[in-house]
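Engineer: In case you want the letters, here they are:
There are 2 protein chains.
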Amino acid sequence: MRWSQTHIPTLRETPTEAEVVSHRLMLRAGLIRKLSSGTYSYLPLGMRSLLKVIGIIREEMNRAGGLEVLLPALQPAEIWKRSGRYALMGPEMIRFKDRHGKEMVLGPTHEEVITLLVSGEVRSYRDLPKNLYQIQVKFRDEPRPRFGVIRSSEFLMKDAYSFDRDEAGLAVSYQKMYGVYGRIFARCGLSAIPVEAETGVMGGKDSHEYMVPAATGEDVVIRCSGCGYAASKDKFLSNSTQTTGQSPSPEPKSSDPCPKCGKPIEVLSAIEVGHIFKLGTKYSSILEATFLDEGGKQKPFIMGCYGIGVTRILAAVVETHSDDSGIRWPVSIAPYPVVIVPINLAEPSTREAVESLYRELTQAGLEVLLDDREVSGGVKLKDADLIGFPIRILISEKTLQKSSIELKLRSETEPTLIERAQALPAVKKLLDKESLLVG
Amino acid sequence: MRWSQTHIPTLRETPTEAEVVSHRLMLRAGLIRKLSSGTYSYLPLGMRSLLKVIGIIREEMNRAGGLEVLLPALQPAEIWKRSGRYALMGPEMIRFKDRHGKEMVLGPTHEEVITLLVSGEVRSYRDLPKNLYQIQVKFRDEPRPRFGVIRSSEFLMKDAYSFDRDEAGLAVSYQKMYGVYGRIFARCGLSAIPVEAETGVMGGKDSHEYMVPAATGEDVVIRCSGCGYAASKDKFLSNSTQTTGQSPSPEPKSSDPCPKCGKPIEVLSAIEVGHIFKLGTKYSSILEATFLDEGGKQKPFIMGCYGIGVTRILAAVVETHSDDSGIRWPVSIAPYPVVIVPINLAEPSTREAVESLYRELTQAGLEVLLDDREVSGGVKLKDADLIGFPIRILISEKTLQKSSIELKLRSETEPTLIERAQALPAVKKLLDKESLLVG
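These protein sequence lines are chains A and B, in that order. For the first sequence, the numbering used here assigns the number 79 to the initial residue and increments by one for each residue that follows. For the second sequence, the numbering used here assigns the number 79 to the initial residue and increments by one for each residue that follows.
Just chain A, same shape as in the assembly (with noise of 0.2 angstroms):
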């Protein structure tokens, strides 16, 4: 792709509106715009980006065996109330009445339309288990949106419901899940931490958190060098006054004692990237939703739920890939791995070697972005460590006299001289290794 035919407004100047890091450089570096309060546009290059996410998390769902969905947004209020959850939700669901006054929500999860959907159509366990999924845009009417696409009040997730007949499959589906959790944000570049969670309004036993340490984080994580225990604020609280019969201190301190092992905890701030719940049989008991068991009795299904932040990966990466120059993009999900920076694209022999090479490596495949704007060499370059390609290709006249181009790698400081026919294979050797480092 060229610059000129694509659009990337990057800025100067620091958003003030912009808490942090994350926020700050996605808007700088062109990714997304805001509309308005907690409502955001992902550019073209935000929606490689966000494209490349949400492969990744398809390929690794579908072979882990999950079966993809797409289910409606718009819900009737009627099944909220059925499994009464209607009243527990807060004003962060958003409620209205249609046009023949009937009340509808735009759903924020969707427990209720997949238990009611496999209900009477999975009916033996012979079909067990089933995992469905979706990537489904989300809307949640914010009391204080911030920090960009952090906590917006439209974003995207993944999520997945599994069914099994028993507590010992809920116990493999998880498990499986948990696996592919750690393998979606592995290659995401991210190091996410799961975390012991308490369930809220969502019900059921056993939760995990998939938190990535951040300064700017707005949860907190509790954790434990001695024994390896990792709790959320909440689930570190009720492990604590079980253990100890007295409520501790609210705000957890890295002076207080892990309630596994007796010794100091680290606390941690973190965002939040997924969360993984044992259901059991919460939903499928009340909406009545039941299979066919071995002995030809009906029993409800044992259910899991399992989400991911999709929109939320990208800020996260962002929030913790990033220098004074700006973003530092993992391979797997840059917009484009490898820019091309011509320094005077106007000498014609400059534009000739430039040409020749971009032409080459796309033709190799590669997702390679030109920059062929008429500005001078430093705006492209502070642009291109602004955008944080992972790996920089500098011709100029003077590369050119020594017939070769300066490849330099974003997580380096240091650029290389290479002979222009060996520009390809190199390219290509970097990104593998450059791959390689996200898993």
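Simulated from the structure, these hints should not be mistaken for laboratory data. Note that this is a predicted model, so its numbers are computed, not measured. It is possible that some hints are incorrect.
Heads up, the list lumps identical chains together, so a pair's fine if it works in one copy or across two of them.
What the hints assert, rightly or not - The calculated DSSO-like cross-link candidates involving lysine-lysine, where the alpha carbons are at most 27 angstroms apart (straight line), are:
1. K216 <-> K112
2. K112 <-> K377
3. K159 <-> K175
4. K112 <-> K180
5. K112 <-> K159
Using the hints, position chain B against chain A.
Structural biologist: Leaving out everything else, chain B in the frame of chain A:
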């Protein structure tokens, strides 16, 4: 994929609520399920076909230089008031107040958002033309949802917006999309006729609708075989009024004269699957979205907009590709192009032969569904016809005695016996041949 590991709840009975073929077959083949009036879930097979339609649209839009973005569905009412459309849009547009009392809408279309997004960021004539598109869920409070996903309250749409410096540029952008739309529908197996159309609430000048002739279509199309004139009913009525100076009968009949050449017209029912508009400066003027022209003057963008009903494509394909036994998918968007139907899988030599063929075809990169259910051969064959896989491979003791498999196209009545060793090349050849049929 093995049938037992996905979720394909086919129905023997014809659902009584379904009035048209596509709705009936999409329910019976296990592609969709109704949640409530006008809202549908896409099950795994429906989702696979939907993802293929999306893939075709994305490929053709990108090839034509379209830039994919994602715009908020949640929009402040204020921008609709600024464009003057807040009052014009009927009760189809879903409106509500957020928790702070701010008026919000679920955007049925995105001219306001995209115009404001481009305004101030695409600054110069040198940055033009641009074509930004998205594939996004839309909400419409239908007075009477019907025909399954043909007229539903929630649906996927591809909407694109072009920005040009002058009318000549718009003409080029419009013509490009005209070509792209032809290719998209042809690749999906649809014979969509572009007809002249009125612009309605979108405003602007020229407009074409893409119409798929179908007995159950809700739109009326006028065609003249004499001069090639093709128009929507409204456009025909206004053309006729212009030509004759008199208002014609509001319900055109096949004996009415063509407004261009006077020969008798043909009146068809059709399903609208796309709509393209030359908007001109309607939105850019009122929202003050301008660029600097060559002479250094601020000028409003010359815009076009281009919509496709993504989910409706699926229904239109099923509506026009079926027989008494079920759907007849084009290869391009079939959930699986190939199904393997084993007769008596309990027989060890049959199972062995089936597994070896399944392995061979999937390893060759083909998408194959293996019907491994413990049901009769008759049930499997009926379901294969109902779902409408383009190629059916039958394996039984009888075919294996001849070291053969039975190959049958869904579009033909007679199967062919093929030597087992020739199975893969024969299937590949058929897939190529069938793919060619839809361009």
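Engineer: Compare the structure with each hint and give your call.
Structural biologist: Comparing the hints with the structure gives:
In this assembly of identical chains, the alpha carbons of K216 and K112 lie at most 27 angstroms apart whether taken from the same copy (17 angstroms) or from different copies (20 angstroms). Within a single copy, K112 and K377 get their C-alpha atoms only as close as 48 angstroms, which misses the 27 angstroms cut-off; across copies the closest is 24 angstroms, which meets it. When the C-alpha separation of K159 and K175 is checked against a cutoff of 27 angstroms, the pair qualifies both within a copy, at 15 angstroms, and between copies, at 22 angstroms. When the C-alpha separation of K112 and K180 is checked against a cutoff of 27 angstroms, the pair qualifies only between copies, where the shortest distance is 17 angstroms, while the shortest distance within a copy is 32 angstroms.
For the identical chains of this complex, K112 and K159 are inter-copy neighbours only, at 19 angstroms across copies versus 35 angstroms inside a copy, given an alpha-carbon limit of 27 angstroms.
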